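Please build the complex by placing chain B on the supplied structure of chain A, with the hints as guidance.
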Amino acid sequence: MTGEYVAVCAVDELREGFLSKHEVEGREVVIATTADGIHVYDATCPHSDFQLGPARLKRGCEVECPMHGARFRADASGEVVKGPAKDPLEVLASRVRDGNVEVLVDWLLF
Amino acid sequence: MSTTSQRTDSDDVMRLSSGIALEEIVRPDEGLISRRIFTDSEVYELEQERIFARGWFFVGHESEIPEPGDLVTRSVGTDPAIFVRDDEGQIRVFLNSCRHRGMRVCRTDRENASFLRCPYHGWAYKNNGELLTAAAESHYEEGELDKENLGLIPVAQLGVHCGLVFATWDPQAPPLDDYLGDMKYYLDLIFNRTGGVKVLGTPQIWDVETGWKFATDNFTDNFHVFSAHHSLVELGMLPNDPDFASHGTMVVAEEGHILHLTPGAPTDEYAFMGLPQKLRDQMPEHLTPEQVAMAEKVAYSAGTVWPNFHWLQLMSSGTLGQRDVPFLNLRLEVPISPTRTRMWSWLLIDVDADPEYEKASYETYVRTFGPAGIYDQDDMENWEDCTRASLGPAARKHSLHHTMGIHRPLDESWPGPGRAYADSYGEMTQRSWYSAWMRFMTSGWSDAQDGGER
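Here the protein sequences come in this chain order: A and B.
Note that the numbering used here has the first sequence beginning at 17, numbered continuously upward.
Note that the numbering used here has the second sequence beginning at -12, numbered continuously upward.
Bound-form chain B, shown alone:
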């Protein structure tokens, strides 16, 4: 019996060791997604090679490392990484692992350093990756230590859009510009709306006992809000209307790159993402007239750059009975094991924001999102329970259900790029995400990229 998943020549499908083909158990076109892919260790291992070794992953925002020598530790895919601005000011991303024995070279969350010294044997690297000394160097004979070829391992490609830094380990991956494709239009709408955004403080990082895809699925899901977060409805923080978040547009910008643009109450307070007038006034300088008109109708937006990076542009009240205040939150899920995921959460603020608005936005974010936020608390309970309840041998035989809006017509009048649907309740974006997942799991880059509708 085969113990490894493989692609057979005879039928050109990806088979798991049990003989079952992924194509049989994951059918995005029909909205049927096997529970196995959320918790199965074999699928998880396959994802490491097929997705995390190949895709483009969010590393951080340029504003997190403004000065030469600034560095923070991150993950690229599932590998530990160092996100650093070298002494010459160039942004670089390296595998956080010594070339000698593999020890993590940088063991802090953040610091300013010209040199990175491995704590194990003392190999020391410059912050541009160059190996300076292997320590005890006099004990190497001539030719035993090729320092020039033993620098820190850099990512294969690095790309930046709107200050968002992405990296991939795969030299064959298309450039970031091509990978993002039409998603750039929407990234610009959110991140380039004013004179720039910056990270406020440091990201919150915590682990959740969930398969990572339960969380990614949730970040493109408007219709869970009324139910999963019903305590907020009861407290008057959300409208008491099951359809309140259904009146927007969902967009598949590229297969897997998906977003929601949702209006709030029909008042000026909820126009232009709820931003203060000073920031609204900057939009025409930075966005096209078409994007400005789009922004006017947006109070809430959730977007995903495939596979695991999200933005949340939301409005909520930080204090009961107070007015709603907008905030911009970045999210990343990094799988730790089939059933454990490290969550990353950043708060961003427009660089030209006034201090009072910045404080209100900060307060609203910490009370609603992040590990102690009301929304995240509810979501984590769902992700963890979905994971636990999908682990057993009986549950694993059954698919999860993603059929809402399978027959929903496209909104041909939508002015922006991508496939748009004039309804924010549906599973069109989730099906697109799983279609992209299947392409990565079963195809090479040329097939995975062809972008057609499935």
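Same shape as in the complex, but just chain A:
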């Protein structure tokens, strides 16, 4: 382990069924809040490099890229539900501590 957990936002700021946009250590990330949990991803769509922004989750459980309509499971896998993307969202390790969402900032990889 070469990194440490860094707070991104308070859990209270998050809305279930929505994707929110944040910046942590200079990196753009998005947080999907579903009935099943909180998941943090790199904000870059793996298909087009479009930077995902705040949005409602499709059916409450999918991240949709506005640019070409790629959809990803808003869970711990971030896997593709519908093309044109072939690769999943980049899932960032995260946890909830002291009312905050924290992501693991790995200084070698981040």
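Everything labelled a hint here was simulated from the structure, so no lab data went into it.
Model, not experiment: these values are computed from the prediction.
Hints may be right or wrong, so weigh each one.
No farther apart than 25 Å at their CA atoms in a straight line, the calculated lysine to aspartate or glutamate pairs in the DMTMM-like style are these [as the list claims (entries may be wrong)]:
#1 K102(A) <-> D58(A)
#2 K98(A) <-> D74(B)
#3 K37(A) <-> E75(B)
Chain B alone, transformed into the frame defined by chain A:
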């Protein structure tokens, strides 16, 4: 020779390119309406600017887009539009046309979407109208793409009354509340009578080869029923009495906003619009005692919010020999060309209706109205033939005749707002509609609104 219609300074009238003034050929006070205005392409073009770019138009009912992201495609005036509830729950209406090349951004009748992607070059918008990406964005140099000012084009104003959503492209138009004026009293009577109404299913949409005004004219016309729909009389679905629909009241709530309130047979079955007892019992909670007393005497009602939105609250039998069942139908005519009109037809139901009544109401509606309904079939034949027979150079020189009841006295005892007439056979409401048409065609908002009797 001038090729465009214009308003001249010298005599302050609206002249067509032939030199003839609209005021000469459309004289609602005398009941004389030129056939030219129903089919003429020059009048049609003038209507686009004078009416469809300025008026308030029905877009849809709130119940059609209950969830965030729900959207349906519509027209506002004659422009294509998107009626959407954005991700924050706010109802919005946009021109359905990409800011880039004008392509329709939304090409489905209905969907749930956070993002609207133009199929042409991929410009993508959020459902609140914001432009998110123009695609190939890296090829724009700094300052070449002003995304903040390239969102979907919103209507100038949006208004809601009784869940009915209206919009206008004209920022100068009066607010919806003022535009509807006293018509709100009657909209409440029909749409706010119980704990609310909702759209059942999806609207039916079909094109008819008619000038749009032949249809609007027909939606405030009780006395065509015995003749135009005589097959229903022969089948026992309507009374065999030429005056059967004449015993009600017609009301000009505001110039152009017009309605009929007509009783049915003098039995309890036809009181309170024929609604089931459970729904009748809700009326005192939602209506004034005066409106409840009015509703008691209504079995049939047809109303028009000027220019092209109508309700039909009717009773009929869905199956021969069965009892009459009420239904509430919304109608809209959207002109496609001088002689082609897109008809929209919605069925509404009271939200607290029981399933059995809902089904009976649905069955009655589909068998009688909409593109396959017996009534609409008869009406379409008349509208299309009126259009065809009014196109020729000989016919165009002659007016249509709207004089019935020109000398009819007002019913001073009528408790509701507006000018009322104690007779359902007459052309008072049609003349009011054409008076409003003339005001829009020849005046600005301040004149068009002054509401006096003509």
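Flag every earlier hint the structure violates by its number, smallest first. none
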